[in-house]
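Student: Please model the entire structure based on the sequences and the hints provided.
Number of protein chains: 2
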Amino acid sequence: MKNYFKQINHMKNLIIASTSTIHGSGYLEYLLPTLENHFENCNTILFIPYARPGGMTHDEYTSRVQEAFAKINKKVIGLHEFENPTEAIEKAEGIFTGGGNTFLLVTQLYQNNVMEVLSNAIENGTPYLGSSAGSNITGISMQTTNDMPIIYPPSFKTLGAIPFNLNPHYLDADLQSKHMGETRETRIKEFHAFNSTPVLGLREGSWLDVKGDAIILKGALTARLFLQNQNPEELNPETDLNYLGKI
Amino acid sequence: MKNYFKQINHMKNLIIASTSTIHGSGYLEYLLPTLENHFENCNTILFIPYARPGGMTHDEYTSRVQEAFAKINKKVIGLHEFENPTEAIEKAEGIFTGGGNTFLLVTQLYQNNVMEVLSNAIENGTPYLGSSAGSNITGISMQTTNDMPIIYPPSFKTLGAIPFNLNPHYLDADLQSKHMGETRETRIKEFHAFNSTPVLGLREGSWLDVKGDAIILKGALTARLFLQNQNPEELNPETDLNYLGKI
Chain A
4 MKNYFKQINH MKNLIIASTS TIHGSGYLEY LLPTLENHFE NCNTILFIPY ARPGGMTHDE
64 YTSRVQEAFA KINKKVIGLH EFENPTEAIE KAEGIFTGGG NTFLLVTQLY QNNVMEVLSN
124 AIENGTPYLG SSAGSNITGI SMQTTNDMPI IYPPSFKTLG AIPFNLNPHY LDADLQSKHM
184 GETRETRIKE FHAFNSTPVL GLREGSWLDV KGDAIILKGA LTARLFLQNQ NPEELNPETD
244 LNYLGKI
Chain B
4 MKNYFKQINH MKNLIIASTS TIHGSGYLEY LLPTLENHFE NCNTILFIPY ARPGGMTHDE
64 YTSRVQEAFA KINKKVIGLH EFENPTEAIE KAEGIFTGGG NTFLLVTQLY QNNVMEVLSN
124 AIENGTPYLG SSAGSNITGI SMQTTNDMPI IYPPSFKTLG AIPFNLNPHY LDADLQSKHM
184 GETRETRIKE FHAFNSTPVL GLREGSWLDV KGDAIILKGA LTARLFLQNQ NPEELNPETD
244 LNYLGKI
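Chains A and B, in that order, are what the protein sequence lines are.
Residue numbering for the first sequence follows the working numbering, beginning at 4 and increasing consecutively.
Residue numbering for the second sequence follows the working numbering, beginning at 4 and increasing consecutively.
For the record, the hints were derived by calculation from the structure and aren't laboratory data.
Some clues are possibly wrong.
Keeping only pairs whose Cα atoms sit at most 25 angstroms apart, straight-line, the calculated DSS-like set for lysine-lysine is [to be verified]:
id: 1; chain 1: B; residue 1: Lys181; chain 2: A; residue 2: Lys221
id: 2; chain 1: A; residue 1: Lys15; chain 2: A; residue 2: Lys78
id: 3; chain 1: B; residue 1: Lys160; chain 2: A; residue 2: Lys160
id: 4; chain 1: B; residue 1: Lys181; chain 2: B; residue 2: Lys214
id: 5; chain 1: A; residue 1: Lys160; chain 2: A; residue 2: Lys214
id: 6; chain 1: B; residue 1: Lys214; chain 2: B; residue 2: Lys192
id: 7; chain 1: B; residue 1: Lys78; chain 2: B; residue 2: Lys160
id: 8; chain 1: A; residue 1: Lys181; chain 2: B; residue 2: Lys221
id: 9; chain 1: A; residue 1: Lys74; chain 2: A; residue 2: Lys181
id: 10; chain 1: A; residue 1: Lys181; chain 2: A; residue 2: Lys94
id: 11; chain 1: A; residue 1: Lys181; chain 2: B; residue 2: Lys160
id: 12; chain 1: B; residue 1: Lys160; chain 2: B; residue 2: Lys192
Tutor: Pasting the structure below:
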């Protein structure tokens, strides 16, 4: 049944989350009901641990994810455990790319020659979950990441599974702050001084539910949309962002 | 007299500031007394506007800097006004690289083939001022910048005028925050999972005064030093950071 489903249904199927963890809650906890549904046809989820936050090991990171997914009775295997990562991705029932450092994640995806393989798996309908850095890479480029360039990637180009860029963990300017460093909004405006790609600031607790051509904003919060040479706009939950690919 | 000074004195001579502007004060205002002394032998300062914050034009940015330096009777010419940027840097009496986006700054320095020229000018004793992005590039690499990767530079390697990396606008973690994005300290620790270069978190209002081999922390605040596999350490003003090149 599962293979039959995969063969006839090539619709894109992604959950793209701003963060793995919301304040005061466990790892992935707020998303588990959504994920139970998202991965309903999967027994095992392939985990891509490359972004490994704080430099933790791939094994440590995979253990953390195994613990979370055990709550919805899913097995998790780390991509680093396979000799042939291409084959592992091609055969995966479902895929999760965790957060951490986006520069590191993108570097490792290129070094292991799996950026395109991953893109194809997503295009072919393999259910995908991204959080933070793992969400960043679903955009056209990683150029609106918040992360530090701790390693030099061969390219900033990413999966392009959605027709715009993301800024996960989007943070509104603190109007009381005496800090003179750039706000998130200023940084995204700088991006638009040189790039025309739309950018969605996705606040913690928000995610995108991509099913085929529909790209629906989920969660309780609005998201902040930045278009080149336009004032930013707040989008309500349930907005379909598909139109951003047509402007 | 000025040329004579330049010929016999090849001591490095830099002011490396965390920020151009502190809260509630004008552009470069808090630094002007220091700069009057720093640039005492210069009539004209060459300004490198490549990082242009918020995508402002090179001309706009240069005007802002001209206004600030007029208060200490210095002329300012933008590097973009010269046909031959290499010659402009080699002949400069003094150089200021302003803040903005470090990825953009580094990209343009490489594209215009002046990274090495600028490094040589600094080694030869041309007085240099950097603020924010312009300070970032005095380190070994730009890999501890806070900026967004809005453009892909040919390399992350920078001037190496000091034997460590900087994190300008260093910001302490807000312990009250419910935001789950990484703190500055977490990001620097991630850098140290892959790199051994020391990192100095330079708070707004602090600067480094480099004279020959001495690298003295100035301003009223402590700075936070991060060494690989060690706990961060607070350094007092007047500390000489020269020893970081020997560890």
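Student: So, for every hint listed, does it hold in this structure?
Tutor: For each hint, the structure was consulted:
Between lysine 181 of chain B and lysine 221 of chain A, the direct Cα distance comes to roughly 20 angstroms. Compliance with the 25 angstroms bound is thereby established for this hinted pair. For a cut-off of 25 angstroms, the pair hint linking lysine 15 of chain A to lysine 78 of chain A stands: about 22 angstroms separates their Cα positions. The hinted pair formed by lysine 160 of chain B and lysine 160 of chain A meets the criterion: a straight-line CA distance of about 21 angstroms does not exceed 25 angstroms. Between lysine 181 of chain B and lysine 214 of chain B the CA atoms are separated by roughly 43 angstroms; this puts the pair beyond 25 angstroms, and the hint is violated.
Taken as a hint, the lysine 160 of chain A and lysine 214 of chain A pair is honoured in the structure, with Cα atoms around 23 angstroms apart against an allowance of 25 angstroms. For the suggested pair lysine 214 of chain B and lysine 192 of chain B, the alpha carbons sit about 29 angstroms apart, so the restraint of at most 25 angstroms is broken. Restraint check for lysine 78 of chain B and lysine 160 of chain B: not satisfied, since their Cα atoms lie roughly 31 angstroms apart, outside the 25 angstroms limit. With a C-alpha separation of about 20 angstroms, the suggested pair lysine 181 of chain A and lysine 221 of chain B falls inside the 25 angstroms cut-off, and the hint holds.
Between lysine 74 of chain A and lysine 181 of chain A the alpha-carbon distance is near 43 angstroms, which puts this suggested pair outside the 25 angstroms criterion. Proposed proximity of lysine 181 of chain A and lysine 94 of chain A is contradicted: the alpha carbons are some 51 angstroms apart, above 25 angstroms. Restraint check for lysine 181 of chain A and lysine 160 of chain B: the C-alpha separation of about 31 angstroms exceeds 25 angstroms, so the hint is violated. At roughly 19 angstroms between alpha-carbon atoms, lysine 160 of chain B and lysine 192 of chain B fall within 25 angstroms of each other, so this suggested pair holds.
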